[in-house]
Amino acid sequence: MKNTRWIWIGLAVALAVGGLLSLAASPRPDGLERVAEDKGFLDRAVGTPLLHSPLPDYLFPGIADERLATGLAGFLGTLVLFAVGTGVGWAVRGARKARERGA
Amino acid sequence: MHIPDGFLSTPVWVAAGAVSAAAVAVGVARVGKNMEEKQVPLMGVVGAFIFAAQMVNFPIASGTSGHLGGGVLAALLLGPWAGTLIMTAILIVQAFLFQDGGITALGANVLNMGVLGSLLGFAVYRFLRRLLAGTRGALISAFITAWLIVVLSASLAAVEIALSGTVPLRLALPAMAGIHALIGIVEGLITAAALAFLLRVRRDLVHPLCRPYAPQAAGGAA
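Protein sequences, first through last, are from chains S and W. If you're matching positions, the first sequence starts at 179 in the working numbering and goes up one per residue. If you're matching positions, the second sequence starts at 55 in the working numbering and goes up one per residue.
Each pair of labels, with its calculated beta carbon distance range:
(1) S:265 <-> W:177: 25 to 33 Å
(2) S:278 <-> W:223: 44 to 52 Å
(3) W:76 <-> S:268: 18 to 26 Å
Partner residues are not named here, just some residues of chain W that face chain S (Cβ under 10 Å, in silico):
(4) 99
(5) 120
(6) 142
(7) 259
To be clear, the hints were calculated from the coordinates, so they are not data collected in a lab. For glycine and all other residues, C-beta sits at the position ideal for the given N, C-alpha and C.
Using the sequences and the hints given, assemble the complete structure.
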């Protein structure tokens, strides 16, 4: 397999964006949150979530420094998506190969 | 524009979930049939990059921010079905790991940002790209498509929330479409910039059906 360097460059760029550039993210509400606030239905969002996520609001738990917590959460999430994305591709492709063998 | 739990009524989130589940099922079948070896790691890289880029909210007028959706960008690199699958993976991870977007609203969010972004986005882009040949035409097509998809996604989200009886449509629709007409400009710029960069350095990573349209074999202008 020649030239797989682009994979690692792409992942490095993604990690830099998720782990570093994310620290510069605007804290303002996003489009939907703004509309929900303006039109008075923001309180309809379920106060207690149905499920407790390990890293709510993109903050790594147990870290007082919010910037570090955001950076770590972004770094981790980016790695997770790299693994999940590659895994999904692999699984879907693998299923096809298995079918071809079985046929 | 990740919809949280509580904004959607049960019939609406069930219906949206059913549509999304059907699209994902078709996607799994289609991707399994067509995927090239190279696309396996590309799915990982595209998933990682779009997730990361979604974290970077940029300020928009009047105390509001926006962030990349990425559905069109995913389709430009992976094609419509693999793009839908990777957007779905991103939204699942965001909902379960980061509490961004509701669990019951997951199907609606996949429909709005994944299915609409990658499937409709792919079709719109391909249509425009034929009208606007060459590299410049492809970049303009990418910008217009990404802008349009953001506005349509926001409008669909407004319809879902209104159908749920959370807020009247006449309030939600203009507000959502209006704000996202601004956010969509940035989405369009990022999408076109990413496409321009890849066409320059690694043209082969752009989906074969999304490369600039060349009426003669000579290749695009610009």
